[in-house]
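Visitor: Residues per chain are reported as follows:
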Amino acid sequence: MNLSLAKKTALLAAALAAASGASAAGKLEIFSWWSGDEGPALEALIKLYRQKYPAVAVDNATVSGGAGTNAKAVLKTRMLGGTPPDSFQVHAGQELIGTWVVANRMEDLSGLFRTEGWSKVYPKDLVTLLSSKGGIWSVPVNVHRSNVMWYNPAKLRAWGVTPPKTWNEFLTTCAALKRKGVAAPLVMGENWTQQHLWESVMIGTLGAQGWQDLWSGKTKFTDPKVVQGFTTFGRVLDCANKDASGLSWQQASDRIVDGTSAFNIMGDWAAGYFTTTKKLRPSTGFGWAASPGTSGTFVMLADSFGLPKGAKNRAEALNWLRVLGSKAGQDAFNPLKGSIAARTDSDLSKYSTYSKSAAADWRKNRIVGSMVHGAVAPESFMSAFGAVVDQFVASRNAQAAANAAGQLATRSGIGR
Amino acid sequence: MKGLSRDRLWSVLVLLPSVLLLAVFVYGFIGRTVAVSLTDWGNDPAQALALNPVIRPVGLANYQELFTGFLQVRFRQELVNTLFFTVFFIAGTLGLGLALALLLDRNPRGEGLWRTIFLFPMSLSFIVTGTIWRWMLQPQGGLNQFPAVLGLPPGRFEWLSSTASIWGLDWNRVPLLTAAVVALALGVVAWRAARAGNRTRTLVAGACALVLLGWAVFVGPNVQLLPAPEVHGFNLALVGIILAAVWQMSGYTMALYLAGLRGIPEELREAARVDGANEVGLYRHVVFPLLSPITLSAMIILGHISLKIFDLVYAMTGPDNTYTSVPALNMYLTSFRQNQFALGAAIGTILLILVAFVIVPYLASAFRREEGHA
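Top line first, the protein sequences correspond to chains A and B. All residue numbers for the first sequence refer to full-length UniProt numbering, where the first residue is 1 and numbers rise by one. All residue numbers for the second sequence refer to full-length UniProt numbering, where the first residue is 1 and numbers rise by one.
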């Protein structure tokens, strides 16, 4: 009997150890808005994590909805309610900093960047965008480019025009195309794509440095150069279609394919749409160039993950961030997502023709952040800026628009 | 102790949970929203989402910002949008519903089938309606293609994407107009009281009307809400949304009117015919007056739907199209995207007041009627 009791005790102890071992391996909840087309890319990352940490139960808490509109609302409820996810997706830069970092709700990741040696493999301009108040706040997984002008090479040849290099040249080309009967040489879509266009025009007018000064507060929005940018934007709008607000960005891209319009300024997710959905070949079926006035500048936006204060499974979340930032992680994720790696040492053989050219630019261009996609402006600015653009579209009063943008910047604490 | 009989105790016990829940989740939250709208929560991004945010009371500053602030043009346009939407939505729904009911009241063949068909849109949610109509009103497809079927050139109307607007009105004129409209209403009250022979009522209403009119003529023009004129009008893109909303809800008014029409006893109609009324006179003097209570209750239901409409607009033109936006959308965006919780709460409170304008007079009249019966 004694023996069996000892056996029982041993068994119990073993069972307890196993149980506590399992709880130490723990759980990890990943909060993102990657569903549908982007789901497989996220799955590839999770698979990689599972290989490294097989004992951890991964909870993929995806809230679907384009650009995270629904996910962000859910996230706010959870953060305010005191149950943050272990790690959540956010557009890198001010969208995170202006919302969560200023509210003191995020952990500083500069220690992680140091131990993993990431400061060496990420471009310096990118790390600057991720930092504020002496900390680095999120780990970027991928990079998209926002300043790309898409066109249909065969159609441009037929019309006898080339992709313009500056906005003035663009206006000349636009006039030429109008004379040839193209009603709307430029196609744009719903509200946010108009802001997307505004951003490209502004950077093309102010230059990369001028754009950065605008967000650091060195240049005011009421500066004559900004007013000039708005004026140019107004003249560019005269080249665009009138039914914009009824079109999604995909429908707008369709007009490039069918030759109704000549140019479209859109981020490089358009490349995925052209190749995967429209079955077009890069360079022949669709062509691209940096948007006018921005060659040598890479306007970037990135998806990234951060670590909220009070995360339940902090150690697992840190391991997740390590996987995200690793070369293997980025090369598993990005070819599937249609973006490029934020790291400069990624394996280019895995990427598409377009992505290869973007990755080459990523390594040598000047990098600045996108406003409409959350890199340089906080949510409070971005969300209200749409109304400023709409008002400008209706009134075409450049000075009034610049004044309104200036007030908005003051309210959102830009340059403070 | 008659007041605490067993029955009464039971009824109190049974009702208590729902009364408590209502007190907390309806009235408590309304109170909290109003309280938040009087603070600066969210104006400083650093405090908006902090764990223990510092929130200071600021009085009515948020309301002042909404009505006169330079950055809140969108909200003012939304109020104007709501006004036009409500008027056209109610008029369209009542008109179409009544027309359908009158048709069905003539007992056409297959009446049950028609009734189901007309009532069917109501079983859809506004989100579904919005999605269907967005497809139909696409710039190049849908309704604009109708003439093409007959060999005519396709239509050019930009149903949901138009940026044109008509009947523009400077926002600075709003206090003036409000005073004039209220004065006119008071004048009507005074006139009716005079006809009914109620002297004090005539005098009070008349005096108030005169004071307001005086203000509107002499002081009103000098009130400057905004530094520059700001024109708001009826955005033509709303036409598409009104169309979809009327399609969705006119089956409901048809059902109401049909029930009312069937409730009118045949004897009344026969009596009218015997008295020499023709068909038009029959409807004008007998049928329509009997339907007026139905019209009133339909207007209340439709009115509050139109004031708080959100999902239909979200589905048809998206949250960021300022030409078709409504206050409920703005409240959502202000609170959950811009993190301006106090400003969002202020918009919510204004919506509540607008709905109260519609509901309270109805409730008051309903209570009075009940007491009259008791």
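These aren't lab readings, by the way, just hints derived from the structure by calculation. Treat the numbers as computed from the prediction; the structure is a model and nothing was measured. Just to be clear, a hint being listed does not mean it is correct.
Unchecked claim - Just so you have them, the derived chain B footprint on chain A, three or more residues with Cβ under 8 Å: (1) 87-100; (2) 154-166; (3) 184-196; (4) 360-371; (5) 383-397; (6) 409-415.
Claimed, not checked - Partner residues are not named here, just some residues of chain A that face chain B (Cβ under 8 Å, in silico): (7) A103; (8) N104; (9) D108; (10) G111; (11) K356; (12) S380; (13) G406.
Every residue, glycine too, gets a C-beta built ideally from N, C-alpha and C.
Visitor: A closest beta-carbon separation below 8 Å is what the hint needs, so does A/D108 meet it against chain B?
Guide: This interface hint is violated because 16 Å lies over the 8 Å limit.
Visitor: Does the interface hint hold: is A/G406 within less than 8 Å of chain B, judged Cβ to Cβ?
Guide: violated (10 Å)
Visitor: Mind checking, does the stretch 87-100 of chain A have 3 or more residues with a CB under 8 Å from chain B?
Guide: holds (count 3)
Visitor: When I compare C-beta atoms, does the stretch 409-415 of chain A have three or more residues closer than 8 Å to chain B?
Guide: holds (count 3)
Visitor: Is the coverage entry for the stretch 184-196 of chain A by chain B consistent with the three-residue Cβ rule at 8 Å?
Guide: holds (count 3)
Visitor: Hint validation: A/A103 versus chain B, beta carbon distance must be below 8 Å. Holds or violated?
Guide: holds (4 Å)
Visitor: Just to be careful: measuring from the Cβ of A/K356 to every Cβ in chain B, is the smallest value less than 8 Å?
Guide: Hint violated; A/K356 Cβ to chain B Cβ min 34 Å, cut 8 Å.
Visitor: Using the nearest Cβ pair, does A/N104 come within less than 8 Å of chain B?
Guide: holds (6 Å)
Visitor: Do three or more residues from the stretch 383-397 of chain A put their C-beta atoms closer than 8 Å to C-beta atoms of chain B?
Guide: holds (count 8)
Visitor: Does A/S380 pass the interface hint, meaning its C-beta sits closer than 8 Å to a C-beta of chain B?
Guide: It holds, given that the least Cβ distance between A/S380 and chain B is near 5 Å, below 8 Å.
Visitor: With a Cβ-Cβ cutoff of 8 Å, does the stretch 360-371 of chain A contain at least three residues near chain B?
Guide: violated (count 0)
Visitor: With 8 Å as the cut and Cβ atoms as the points, is A/G111 at the interface with chain B?
Guide: violated (22 Å)
In the structure shown, a violation is registered for the earlier hints numbered 2, 4, 9, 10, 11 and 13, in ascending order.
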